[in-house]
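Protein sequence lines correspond, in order, to chains A and B. For what it's worth, our numbering labels the leading residue of the first sequence as 4, then goes sequentially. For what it's worth, our numbering labels the leading residue of the second sequence as 3, then goes sequentially.
One or more of the hints may lead you astray.
Unchecked claim - If you anchor each label on the Cβ, the simulated ranges turn out as follows:
#1 Asp330/A / Ser64/B: 29 to 39 Å
#2 Val92/B / Ala275/A: 44 to 54 Å
#3 Gly219/B / Ser441/A: 51 to 61 Å
#4 Ala417/A / His29/B: 48 to 58 Å
Stated by the list, open to error - Coverage of chain A stretches by chain B, computed from C-beta distances (three or more under 8 Å per stretch; other residues unrestricted):
#5 90-103
#6 147-153
#7 222-236
#8 491-501
Calculated from the structure, these hints are not laboratory results. Values in this document were obtained by computation on a predicted structure and should not be read as measured data. For every residue, glycine included, the Cβ atom is placed at its ideal position computed from N, Cα and C.
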Amino acid sequence: MRPTRRCPRAGRLVPMVLAVATALVASGCSTSGQQPDDEPTASTTVVAPADSSAPPTSPSEPGPTTTTSPGTSERLVVAFPSDEGPLNLFAQHEEALTELVYDKLLAPSPYVDQPQPWLASSVEQLDPVTWEARLRDDVTWHDGEPFTAADVAFTVDLFKRSPSGRWTHHVTDTPRIDEVEVVDDTTVRFHCGYPCPFLGTVTLADLPMLPEHVWSDVEDPQAVVDLPVGTGPYRLTSYDATSGYVFEANGDHFAGAPMVDELVMPIIEDPATAFTALRTGEVDAVARLVPPELVEPFRADPDITVVDTSPLLFPELRLNFGRPPFDQPEFRAALSAAVDRQALLDTVWLGQGRSADQGYMHPDTPWAAPDLSTPTDPAAAERLLDGLDMVDDDGDGVREVDGAPVAFTIKVAANEPTWIRAAELLVEQFGAVGLEASVERLDPGAMGDLFSSRDFDSYVIGAPTHGVADPTQFVMSQESGYLWDLPEVPYPEMADLVEQWRASDTIEDRTDRLFEMERLLESAPTSIPLYYPNGPMAFRPGTWAGWVESPGYGLFHKWSLVPREAAVAANALVNPPE
Amino acid sequence: MRAVMSRVAQSLLVVIVATTLNFALPHLAPGDPVEYLYQGSAGSLTAEQLDDLRAGYGLDASLPEQYVAYWGGLFRGDLGVSVQHNRPVVDVLLERLPWTLLLVGTSTVIAAIVGTLAGAFAAWRRGSRGDVGLVTGVLVVDAMPGFWIGMVLVAVFAVQLGWFPSFGAAALGGPTAGWAAVAAVAHRLVLPMTTLVLATVGGTFLLARGAMSTTLGETWLAMARAKGVPPRRLATHHALRNALLPVATTLGLNVAVMLSGAVVIETVFAYPGLGSLVYDATIARDYPLLRGAFLLVTLGVVATNALVELAYPLLDPRVRRTGRGRS
């Protein structure tokens, strides 16, 4: 889904906490499970269902009454907002689609703290730099070939070799997997270059598995345009850039046949067109957020159901930390204190969400420091600016430093009206503390160049799920130039924390270091979250009512479609059925 | 023959100049296709990885080197690889071209016929209620933006009446061959085509009305009338034929207008034509695809204008005689 959606309400935290608590209890029942609150040990089993040949079942599942089935459907039409090509993982792609085709060793994602076995039957940390995964022995690729340990080793190697993989740095840097040892057909060992306690909870829940027999002869992975072969619950049977995607259920999937036989996904880029098609009944669901102005009309429509979901993303104000005065921590802290996040939420997103005062990692992830709070404090902002000798000497309402007014621009994409409105409000809020900001609208193509050109003071953009819910990406962002640019731009405090993070060899220790990095970032942010938006999504329940929310994926993902008991077992649902 | 050769040479020159401009202009705008597509906003890739990606698309070379390579590719029929679609530009264009030809082609023809006939009728009945009504109606419709017309048509004929689909060019998973497929495509074509016709017919109507009015005021037409030529024949064989010339002249230019107008209409109807492709490629700074699409549009406009010019002798015997005299 596109990063224009909003985030969860506070009420969503309750079921998420319950789900996490349930998973914690469940893992405690396994033979050698470790929870983040456990004492650190060298050997850590993430999860190990007793019977690896059976579909995954939740250790916490008290009985069959914990799941409900929405029934089956022969065919659903879901409007998708963009052409993502033939789902090549090494080119442009969208994970809501690739997740239908590909599976990972653990599920559902790094966005929960207790991923569960999926392609793996168990994953165990043998020592600080070694993990062992035992694989299910009943998994086949869509072409009938068996899934083996060799495929796992090949996949990691391919991601390491690929120059363009979204997962490349997750095997070469955070963490660094030096070798994948094939012990036997169903056992692999991962040897890391430095301690990798997150490998089980993050990396293996993030890496989709690729078939060696399909990819081994490929010289340029990025150029592959063949339809993908995965192990996932759906096969992509047809892709046409002028019309869309057709997926057929993989009846042989190890978790059981999906509940919908055929998924037809026309590409409809314009939101108004997509939601018109939903209204006419030409599509059964739309895989994008409902615009705020359509929420109430759709709620009043008896044929349409609107569900508030919890997208793990938000709009942010990025600051150019390499350019004065943004290179001064006090100035960044002053900007952060001057931002009235509640006003931004109320005005720009009509109050549908939460004030973004809990830091850069989305508060609905287990990786957000729980004690972060950034209240609006214009008085504190003014004190900080005074301390920098930024004073309004000539009484025109704008502070000066060395005789020059403190002025900067906020760049924003011209096709994002809500972001433009947010930028305009920021201009007012910064003006209230004596800073002269102005909005500069750019076409979206020009916005994409800002990251490398560094030709900006600040700009508004959407932070995607991967960036605000994946803890290893958070660390990577300190080195890539996004949140900082270590080691090119010195930041000793952050560099020290990153080193401590790398040296830590338990989940608890590493999580603590992560939280410290978040606190340091929040004290002088290089990127200011503007609001955590809610994310209403809509479908026609008359054709199928089985859509359920998964953390970070909204409604339209494979966890709505696989047998409900498998989704519950994978800890993939925000509100598991009771 | 000399006129034809001269016309072909002119067209070639136009294509070469336009191709050069089309190559250079997208680079004037800030932006980078690899940044746009792969960087996202999470800083997922390092600068080295981004450089590797640029090299993969040949975007790491200097602009002059890329220009030379582009012309080399053109002579081989290779327009490069689309960064956005990760496929050869030729393939991407060819899968969109039929839909554009269908939408813009039919709309151009229908707008030309309807606009010309209505304009001629209004001129023939100049000052009558019919003329006033037509002019008023055309001006009202012409004042509406194309996307607005499309939205109104969707609201009425798709949402309220349910007569037509609201999006797409062909039903995904529907019939792909035979009359059923043709009927399905035609069914989905009605609303976008009607929108494009309504959005563009005004110009043709006013041009035809003006040309026809001028022609009707000519003394030779009064002479024909005095000689007893029946009114219907006078209108169709004499006045209309002469009034067609300026309409035909603008037909080639209208192709470009139609293509640009189709961008918005293709968006409203999720119609997979070249217009929306160019729009998306511009946003993404997909230089190879932009160059290819611009080349295709340039060739289309140049070819249409050349054909119109070559068709003049068929419409106007005076041109035929002049041409004969020259050769």
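The hints, checked one at a time:
no.	hint	in the structure
1	Asp330/A / Ser64/B: 29 to 39 Å	33 Å, holds
2	Val92/B / Ala275/A: 44 to 54 Å	32 Å, violated
3	Gly219/B / Ser441/A: 51 to 61 Å	58 Å, holds
4	Ala417/A / His29/B: 48 to 58 Å	20 Å, violated
5	90-103	holds (count 3)
6	147-153	violated (count 0)
7	222-236	holds (count 4)
8	491-501	violated (count 0)
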